[in-house]
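Residue numbers (numbering that gives the first Met the number 0), protein chains in the order written: chain A, 0 to 379; chain B, 0 to 670.
Hints listed in this document are in silico derivations from the structure and should not be mistaken for laboratory results. Where is the CB? At the ideal position from N, CA and C, for every residue including glycine. Just so you know, not all the hints are guaranteed correct.
Far from chain B, by Cβ distances over 12 Å, these chain A residues were calculated [claimed, not checked]:
#: 1; residue: Leu41
#: 2; residue: Pro140
#: 3; residue: Glu341
#: 4; residue: Ser353
Pairs of lysine-lysine, BS3-like flavour, derived with a Cα cap of 30 Å [unchecked claim]:
#: 5; chain 1: B; residue 1: Lys80; chain 2: B; residue 2: Lys100
#: 6; chain 1: A; residue 1: Lys364; chain 2: B; residue 2: Lys100
#: 7; chain 1: A; residue 1: Lys354; chain 2: B; residue 2: Lys589
#: 8; chain 1: B; residue 1: Lys118; chain 2: B; residue 2: Lys100
#: 9; chain 1: A; residue 1: Lys54; chain 2: B; residue 2: Lys118
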Amino acid sequence: MASAQSQEDQVLEEETSFVRILTLNRPRQLNALSAQMISRLLELFQRYETDSNVKLLILKGKGRAFCAGGDVAAVVRGINEGDWISGAKFFSKEFILNYLMATYTKPQVSILNGIVMGGGAGVSIHGRFRVATENSVFAMPETALGLFPDIGASYFLSRLPGFFGEYVGLTGARLDGAEMRACGLATHFVPSSRLALLEEALYKVNSSDPAVISAVIDKFSLEPYLKDHSAYHWMDVIDKCFSRRTVEEILSALESESTNRADAWISDAIQSLKKASPTSLKISLRSIREGRLQGVGQCLIREYRMVCHVMMGEVSKDFFEGCRAILLDKDKNPKWKPSKLELVNDNMVDQYFSKINDDRWEDIKLPARSNLPATAIAKL
Amino acid sequence: MDRAIHRTIIIKNHLLQPNSDQILTTNACLSYSPPELNEVYDFDLKEMRKLLDGHNLQEQDWLFNLMVQSKLFNPRKRGEKVYVAPDYNQTMEQQREMTMKRISYLLERGVFEGWLTAKGAEAELRKLALLEVTGIFDHSLAIKIGVHFFLWGGAIQFFGTQRHHEKWLRDTENYVVLGCFAMTELGHGSNVRGIETVTTYDANTGEFIINTPCESAQKYWIGGAANHATHTIVFSQLEINGKNQGVHAFICQIRDAAGNICPNIRIADCGHKIGLNGVDNGRIWFDNVRIPRENLLNSVADVSPDGQYLSSIKDPDQRFAAFMAPLTSGRVIIAGSSVYKAKIGLAIAIRYSLSRRAFSITPNGPEVLLLDYPSHQRRLLPLLAKSYAASCAANYLKMMYVNRTPQSNKTIHVVSSAFKAILTWHNMRTLQECREACGGQGLKTENRVGHLKGEFDVQLTFEGDNNVLMQQVSKALLAEYLAAQKRNRPLQGLGLEHMNKPCPVIPSQLTSSILRTTQFQMDAFCLRERDLLSRFVMKVSQHQAEGQSKDYALMLSYQLAEDLGRAFSDRAMLQTFIDTEATISSGSLKNVLGLLRSLYALTCLEEDAAFLRYGYLSTDNASAVRNEVQKLCSEIRPHALALVSSFGIPDAFLGPIAFDWIDANAWSSVQ
Numbered sequence: 000m001a002s003a004q005s006q007e008d009q010v011l012e013e014e015t016s017f018v019r020i021l022t023l024n025r026p027r028q029l030n031a032l033s034a035q036m037i038s039r040l041l042e043l044f045q046r047y048e049t050d051s052n053v054k055l056l057i058l059k060g061k062g063r064a065f066c067a068g069g070d071v072a073a074v075v076r077g078i079n080e081g082d083w084i085s086g087a088k089f090f091s092k093e094f095i096l097n098y099l100m101a102t103y104t105k106p107q108v109s110i111l112n113g114i115v116m117g118g119g120a121g122v123s124i125h126g127r128f129r130v131a132t133e134n135s136v137f138a139m140p141e142t143a144l145g146l147f148p149d150i151g152a153s154y155f156l157s158r159l160p161g162f163f164g165e166y167v168g169l170t171g172a173r174l175d176g177a178e179m180r181a182c183g184l185a186t187h188f189v190p191s192s193r194l195a196l197l198e199e200a201l202y203k204v205n206s207s208d209p210a211v212i213s214a215v216i217d218k219f220s221l222e223p224y225l226k227d228h229s230a231y232h233w234m235d236v237i238d239k240c241f242s243r244r245t246v247e248e249i250l251s252a253l254e255s256e257s258t259n260r261a262d263a264w265i266s267d268a269i270q271s272l273k274k275a276s277p278t279s280l281k282i283s284l285r286s287i288r289e290g291r292l293q294g295v296g297q298c299l300i301r302e303y304r305m306v307c308h309v310m311m312g313e314v315s316k317d318f319f320e321g322c323r324a325i326l327l328d329k330d331k332n333p334k335w336k337p338s339k340l341e342l343v344n345d346n347m348v349d350q351y352f353s354k355i356n357d358d359r360w361e362d363i364k365l366p367a368r369s370n371l372p373a374t375a376i377a378k379l
Numbered sequence: 000m001d002r003a004i005h006r007t008i009i010i011k012n013h014l015l016q017p018n019s020d021q022i023l024t025t026n027a028c029l030s031y032s033p034p035e036l037n038e039v040y041d042f043d044l045k046e047m048r049k050l051l052d053g054h055n056l057q058e059q060d061w062l063f064n065l066m067v068q069s070k071l072f073n074p075r076k077r078g079e080k081v082y083v084a085p086d087y088n089q090t091m092e093q094q095r096e097m098t099m100k101r102i103s104y105l106l107e108r109g110v111f112e113g114w115l116t117a118k119g120a121e122a123e124l125r126k127l128a129l130l131e132v133t134g135i136f137d138h139s140l141a142i143k144i145g146v147h148f149f150l151w152g153g154a155i156q157f158f159g160t161q162r163h164h165e166k167w168l169r170d171t172e173n174y175v176v177l178g179c180f181a182m183t184e185l186g187h188g189s190n191v192r193g194i195e196t197v198t199t200y201d202a203n204t205g206e207f208i209i210n211t212p213c214e215s216a217q218k219y220w221i222g223g224a225a226n227h228a229t230h231t232i233v234f235s236q237l238e239i240n241g242k243n244q245g246v247h248a249f250i251c252q253i254r255d256a257a258g259n260i261c262p263n264i265r266i267a268d269c270g271h272k273i274g275l276n277g278v279d280n281g282r283i284w285f286d287n288v289r290i291p292r293e294n295l296l297n298s299v300a301d302v303s304p305d306g307q308y309l310s311s312i313k314d315p316d317q318r319f320a321a322f323m324a325p326l327t328s329g330r331v332i333i334a335g336s337s338v339y340k341a342k343i344g345l346a347i348a349i350r351y352s353l354s355r356r357a358f359s360i361t362p363n364g365p366e367v368l369l370l371d372y373p374s375h376q377r378r379l380l381p382l383l384a385k386s387y388a389a390s391c392a393a394n395y396l397k398m399m400y401v402n403r404t405p406q407s408n409k410t411i412h413v414v415s416s417a418f419k420a421i422l423t424w425h426n427m428r429t430l431q432e433c434r435e436a437c438g439g440q441g442l443k444t445e446n447r448v449g450h451l452k453g454e455f456d457v458q459l460t461f462e463g464d465n466n467v468l469m470q471q472v473s474k475a476l477l478a479e480y481l482a483a484q485k486r487n488r489p490l491q492g493l494g495l496e497h498m499n500k501p502c503p504v505i506p507s508q509l510t511s512s513i514l515r516t517t518q519f520q521m522d523a524f525c526l527r528e529r530d531l532l533s534r535f536v537m538k539v540s541q542h543q544a545e546g547q548s549k550d551y552a553l554m555l556s557y558q559l560a561e562d563l564g565r566a567f568s569d570r571a572m573l574q575t576f577i578d579t580e581a582t583i584s585s586g587s588l589k590n591v592l593g594l595l596r597s598l599y600a601l602t603c604l605e606e607d608a609a610f611l612r613y614g615y616l617s618t619d620n621a622s623a624v625r626n627e628v629q630k631l632c633s634e635i636r637p638h639a640l641a642l643v644s645s646f647g648i649p650d651a652f653l654g655p656i657a658f659d660w661i662d663a664n665a666w667s668s669v670q
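Generate coordinates for the entire structure from the input sequences, incorporating the hints supplied.
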């Protein structure tokens with residue numbers, strides 16, 4: 000149980016003269032972010048920002064995962080027991096942490112030597128440097144859970160080349176380290192055998208200059224080869240299909256492509272889309288499309304509205320059903336409602352993007368970040 | 000004295016500072032502070048955008064997405080941000096090829112689906128919304144698409160009959176054929192009835208023969224003709240058995256599928272232009288070109304196989320009017336698109352003025368933000384207010400157009416003429432002011448504002464020269480007035496009902512609160528319109544009484560005609576603003592709209608000399624108006640950022656000076 004572990008233990012903190020190393024330490028839960036971990040990370044990031052002795056942050060995970068996501072199972076339990084407001088508080092803190100990282104004035108190096116999913120992407124991709132390895136497995140699996148890619152994903156997914164972000168966000172496709180590097184989710188690829196040396200070199204850094212840090216990581220990196228069956232080889236097809244205006248059109252474009260070619264990734268993509276929550280798919284697509292035209296702050300504000308609607312469950316309760324089927328009962332057979340894409344109309348989708356009519360609710364208040372250098376605002 | 004001490008300290012620091020590195024770090028440079036940090040949003044931007052764009056927002060965002068994510072749209076990194084805009088440094092030929100490539104890309108993604116084959120108001124609104132977005136990226140792209148779908152495609156839809164629809168519409172939608180629209184000639188532009196191209200009929204072969212009889216009859220400015228179009232609509236006099244039946248439209252192939260020019264067709268380029276070089280405007284000569292009889296677009300008139308002219312409309316004047324009526328779509332589109340260009344200019348200039356400072360007014364104090372100068376507010380904010388009014392007007396026009404009925408054609412003709420002229424003039428004026436307000440930065444093509452002037456100047460001329468359109472508006476009002484008088488009935492339609500009521504009275508003392516009421520603003524606008532209309536009627540009849548022809552009398556009364564055209568347009572536009580405002584329930588959004596409406600209305604009162612010339616306002620009134628304009632500017636100032644953010648134009652479509660212009664110009668950004 001999470002409560003058995005103290006807050007400090009869930010995030011280990013080490014320091015050298017100018018570098019702070021934070022290790023996510025819930026290996027049995029694949030380092031899923033608990034409310035406590037988020038609070039702790041927030042506290043540490045805030046403290047380091049004003050501490051002139053801190054010039055660089057390293058974030059990594061203990062065990063075979065970097066971080067498998069937010070601890071949504073706990074959130075769902077909380078909501079089932081009482082009130083969605085407690086869930087809203089969880090997401091609000093998590094998003095504020097994402098925003099802080101996205102606008103952070105000091106470089107953050109995340110070592111992604113293992114699983115990076117959902118909330119795990121949120122605490123790494125917004126940072127300046129993301130180091131992938133041959134062990135990296137990246138995915139945004141939210142549409143299969145009845146949620147949508149949150150944690151600022153509408154910002155960074157939409158900024159991937161072409162319409163790769165729609166592909167990753169809607170299908171929940173798993174990417175390996177080479178694919179992460181190719182699409183820009185990772186800034187570097189370092190074989191895991193060299194990680195210890197890399198970390199050692201980074202400990203000696205005495206600068207916040209991104210160019211200096213990049214040069215250090217460069218010394219250990221290589222350009223990985225994409226696997227033959229990597230979907231990234233078919234960017235033109237992904238572009239053509241995932242640029243369509245609606246989920247229905249994307250699906251039918253993929254289906255007509257699959258009649259011409261027998262690539263595994265296409266049939267996987269079609270399968271994933273058919274298994275995912277129809278409501279999730281539609282709100283996810285809209286979110287990514289809006290996110291492409293917005294700043295990271297606006298993205299998080301919108302996603303917060305959306306996630307609150309998801310938890311309130313006025314349009315669809317798919318999130319609870321998804322968590323039941325995937326995380327709790329593990330029957331992997333969620334019964335979505337509405338059950339088909341065509342049953343989710345525009346008005347239903349619109350509702351997720353509106354303010355919430357509840358006196359206890361307000362838009363997320365992102366902390367004021369004054370005098371940010373431009374480099375702190377957009378990193379992808 | 001303070002200044003002297005300040006200077007001394009600086010010089011002393013220079014001399015006594017031993018380490019040159021330290022000078023660099025201790026002297027604080029200017030830093031960019033995003034306007035978002037200091038400005039507050041007092042209303043919901045999304046709600047405001049919905050009000051301004053009116054319809055199909057998601058479709059618009061989708062198209063923005065398509066453009067931002069493709070290399071074809073020339074993304075350029077400046078500092079940390081990416082901007083898209085065509086490379087206007089390419090040659091004319093390269094720009095034209097890029098325009099075509101962009102169209103192919105959009106075609107492949109399904110952007111044009113249903114543009115000609117889907118029916119109904121909803122499909123038309125979608126089409127208009129998407130076209131507007133293409134224009135935000137580049138005018139050439141929008142015009143090239145517009146010519147193909149709205150002029151060529153529209154002519155087939157409206158002038159043609161079922162046989163034409165079946166044959167051409169789907170192929171047009173899929174770009175199997177590339178259409179253009181040959182109406183204007185070297186010798187005739189606005190006066191379409193005077194064109195010199197002649198078509199005769201050969202009953203032996205069942206063909207029409209199109210001919211360019213002289214150099215002034217060459218087709219001129221034909222968008223798409225110089226390089227790409229395979230087919231054209233030809234406007235021509237139709238002579239049957241030696242009798243001229245007036246202007247008719249025909250379909251004629253000008254190139255084969257491989258791009259070779261067809262026999263008996265000669266084509267030349269119009270050459271480099273001050274803007275719009277991504278459109279291949281060309282000139283066409285027809286040397287007795289033969290086309291099948293079926294290629295006459297025969298919705299209004301036809302020629303039988305044996306060569307008899309058949310038309311249900313006997314009067315050639317009426318026939319011509321019926322024929323041209325559907326062409327209003329061009330003016331509706333231009334009016335709508337010009338508002339977006341003014342918005343781009345204002346978004347850039349106002350964002351810049353919220354981050355750029357100049358001169359301090361206290362010793363050693365910080366320099367003043369440009370938009371905190373009342374003079375800068377007076378330059379930009381009335382244009383912002385008028386752009387809000389223009390959005391309401393454009394939406395009204397669009398809705399009227401897509402829901403048109405045979406009864407509403409006349410109103411659409413008059414209102415679209417008025418709004419096209421007023422909105423495009425407003426656009427050019429706004430771009431010029433914004434260019435100057437950006438200082439030297441406004442001169443850089445990448446900052447868009449200055450360049451857009453050249454790109455959009457043509458809007459004042461095509462689809463009807465603005466001055467001619469305004470005269471047509473006045474002429475139409477005159478006709479309405481005379482018709483009502485003759486039948487002894489009250490005026491009805493075109494918003495002229497106010498003339499049946501007693502003449503409004505302007506209070507001699509204008510307080511701030513009176514000035515801000517819709518009642519006062521409308522009264523002032525109506526007073527001007529009704530008085531100018533009766534003066535115009537009087538003037539024209541006076542000239543006629545002196546024995547002048549009606550046309551000559553109209554010509555001589557041009558001063559009143561211009562004043563009246565403006566009075567009508569302003570009043571109609573104010574009405575659309577008031578109607579839009581009424582759809583919003585009370586709250587911060589409505590309050591801001593009220594301020595904007597007042598600023599728009601009062602700026603009109605301040606700027607149009609007619610109010611003083613004819614005494615609608617006393618000189619005391621006029622100074623009260625002027626003071627209020629300044630007050631309103633300062634009240635709108637805090638909302639400036641929110642108001643331009645509500646335009647919904649993505650950052651990538653603005654220029655680097657709208658954002659961190661220091662970063663964009665830093666040495667590290669020099670490639």
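Going down the list of hints, with the structure as the test:
no. : hint                : verdict
1   : Leu41               : 21 Å, holds
2   : Pro140              : 23 Å, holds
3   : Glu341              : 17 Å, holds
4   : Ser353              : 9 Å, violated
5   : B:Lys80 x B:Lys100  : 25 Å, holds
6   : A:Lys364 x B:Lys100 : 44 Å, violated
7   : A:Lys354 x B:Lys589 : 18 Å, holds
8   : B:Lys118 x B:Lys100 : 28 Å, holds
9   : A:Lys54 x B:Lys118  : 62 Å, violated
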